[in-house]
Amino acid sequence: MKNFKLLYTVGVILLSVLLTLGIASLILAVLGADVLKTFWVIFCYPFTTFKNISGVINIMTPLTLVGVGICVAYRSGIMNIGGEGQMLIGLLCAIVFALYSGIEGPLSIPLILLTGMIGGAVWGFFPGILKSKFGVSELLSTVMFNYIATQLYSYCLRVPLLDPAVAGGAGDPQTVKLAENQWLPRINEIIENTPKGTRFHTGILIALVLAVIVYLFMWKTPVGFKMRAAGASDRAARYGGISVNKYLVLAMLVSGACCGLAGTVEILGVHHRGLGNCTGGYGFSGIVVALFGGLHPLGVIPAAFFFALISFGCSALQINKIPVPSNVIDVLMGLVILVIVAAKLIIANPYLMDRTQRKLQSMLHRKEAA
Amino acid sequence: MKKLIVLLAAIMMLAVSFTAVAESVSIAIVYPDTVDDKGWCQSMHMGVEKAISMGYEIDYTPVESVATADAPNTLDQLAENYDIIICHGAMFNTAVQEIGPEYPDQVWAAGTTDQLFGENIFTYMPMSEEPGYINGVIAGMMTKANKVGIVGSTDGADSARYVRGFVMGLQESNPNAEYMLSWTGSFSDTVGAGDIGNTFIQAGCDVLVGPAQQAVGALRNVAAAEGVLWVGQTTAQLVDFPEVTVAAADYDYSAVIVGLIDRYNEGKTGNECLPLNYNNDGFVYTFSENTELLPEDVKAAAQAAFDKLVATANTLDYKSIELK
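Protein chains in written order, with our numbering: chain H, 1 to 370; chain U, 1 to 324.
If you're looking for bench data, these hints aren't it; they were derived computationally from the structure.
The beta carbon of each residue, even a glycine, is placed where N, CA and C say it ideally should be.
Mixed in with the good hints, there may be bad ones.
Unchecked claim - Beta-carbon label-pair distances, calculated as ranges:
{"hint": "1", "chain 1": "H", "residue 1": "Pro164", "chain 2": "U", "residue 2": "Lys324", "range": "30 to 40 Å"}
{"hint": "2", "chain 1": "U", "residue 1": "Gly267", "chain 2": "H", "residue 2": "Ala165", "range": "40 to 50 Å"}
{"hint": "3", "chain 1": "U", "residue 1": "Ala223", "chain 2": "H", "residue 2": "Val143", "range": "24 to 34 Å"}
{"hint": "4", "chain 1": "H", "residue 1": "Tyr100", "chain 2": "U", "residue 2": "Thr199", "range": "33 to 43 Å"}
{"hint": "5", "chain 1": "U", "residue 1": "Thr199", "chain 2": "H", "residue 2": "Pro164", "range": "31 to 41 Å"}
{"hint": "6", "chain 1": "U", "residue 1": "Val191", "chain 2": "H", "residue 2": "Thr9", "range": "39 to 49 Å"}
{"hint": "7", "chain 1": "U", "residue 1": "Val191", "chain 2": "H", "residue 2": "Gly135", "range": "43 to 53 Å"}
{"hint": "8", "chain 1": "U", "residue 1": "Gln115", "chain 2": "H", "residue 2": "Leu107", "range": "26 to 36 Å"}
Using the sequences plus the hints, can you model the full thing?
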């Protein structure tokens, strides 16, 4: 039984893939859809044109940023479910700063991004301090702060920041557009002769750099070590003289800042103005991305890419005239994600692997004896 | 000679219109919800089906449940593959304005707005204050408690016009009637609408209304309550909840679809807003056939309001209404 771990891992992955394909095929067959074409669209179509790859990267960008933020919180022993609210407050602060500060020129983009980070960090700070000072469950407080952020954003969009052009029912509530020199440059503005529709922006570079910085911070600095120690075992950390409460708050500040940055990047890179529902639920899907990426900032990068790929592929089903209702597309996406996360947990469980190994060994022994 | 010329001209016009109908046009419509949402999206979907039944050959692709954040990606993929791409929801306006001009060979349409978006983009705007007004007249006459509940979606686009039109009709038909108004903040939040509807019923409102597809959540609670009536914004509500829905307005988006195809065939590409109102059959209005539910005098008053709107389109000063 040499290399059993490899065999076990490959086996679990193969079984997961077969299970996913089996269930999804059954659903698609019942709906009368072309099963092979459906899988082709989900997994291969995103790679067929540069425009599609560009779309995948644009989805990947906020997922990476949120995922990295969630990693910091989880690694430090606090569960941040408030990514969505932190995104909203971050982008709200960024929009207000961009519209009313009057700042222009090369410094404007970094300053707007910084404002977004501060907004997200402040929104992360409250659940952090509530947890550390009063023991309020972060699950409860972060979810509640999401609601507050949603309503606050909605109010600002409809009253103080409302674009006069859509007032009185002329359109959906939105803010005015940001000045063009405040937008994140797109790749087709930097590189000449890129194919039409190349829409991804430099936000992806910010996301990748942030993932590396957070990795270095968490794994290569004393502060990061203390944060991870607090997350691994708060009692042991306290015994070691680490102020766990302080690092909980710090973790939420960093986590919120990452999420706030994600929201700001979406506004500066994609929408260029405040819109309703412009976060796209990335604040929540970023949690799954973080878990799928092994709660490691660098692991988040491929995880976000894979999630973006699935998301893009599934949304392309209708465009490719595959007769799958949009609700079933969500089911398919959820199924793929569920099986992958389950497979990952099974692979990471040493007891399960040990049990499987022993069972296989006893089977082989019995066979040999027979 | 004159008669001959007129006859020839009539034959030519018929031939042109026949050609226009016979040519197949590929249309993709981006929806914020599903096409069976008993509201906003279903109305447009039914409009396409009606246009097809009128003889227009349409290669139709519905793209359902597109989130605002995903709209740019979706529009990018649709571009270059369809003759006309319709973005059915004001939440997509920003994406259309940005992506539409990048694909000048496609005809784009965006609703709802009365603004003009560019050379290759049409816009369309339902004058929803008109059905709102008729519903307000009915609600004012039907309420016994003089308390009416409005389950709003968002205070924007045609939803904002509908609510203001409703308040106008309500105040004109019954100056003593009070209204309670709350917004879910979403066009599709049926759960939130259900909660608001329930609160209004508990507060004593005996007539409820609500725009957009979210309203069906409140309608379910109205159907479950005793002595509470609903004035609907889509005829599907009249069919599905006949015991409480006294009347229903509905969009007839075939006017937009037909208008777009005709313009496309004529070589027009955009920079025009297509209005929907009672005057151009952009709306239909249906009364409940149950006379116990809808008294004749109320029906007559609503019919009079309807006739007034047909005769004098776009004259309701809904902007003068300041909501509570």
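Right, here's what the structure says about each hint:
no. : hint                              : in the structure
1   : Pro164(H) - Lys324(U): 30 to 40 Å : 22 Å, violated
2   : Gly267(U) - Ala165(H): 40 to 50 Å : 29 Å, violated
3   : Ala223(U) - Val143(H): 24 to 34 Å : 31 Å, holds
4   : Tyr100(H) - Thr199(U): 33 to 43 Å : 36 Å, holds
5   : Thr199(U) - Pro164(H): 31 to 41 Å : 32 Å, holds
6   : Val191(U) - Thr9(H): 39 to 49 Å   : 42 Å, holds
7   : Val191(U) - Gly135(H): 43 to 53 Å : 31 Å, violated
8   : Gln115(U) - Leu107(H): 26 to 36 Å : 33 Å, holds
Of the numbered hints listed earlier, those contradicted by the structure are 1, 2, 7.
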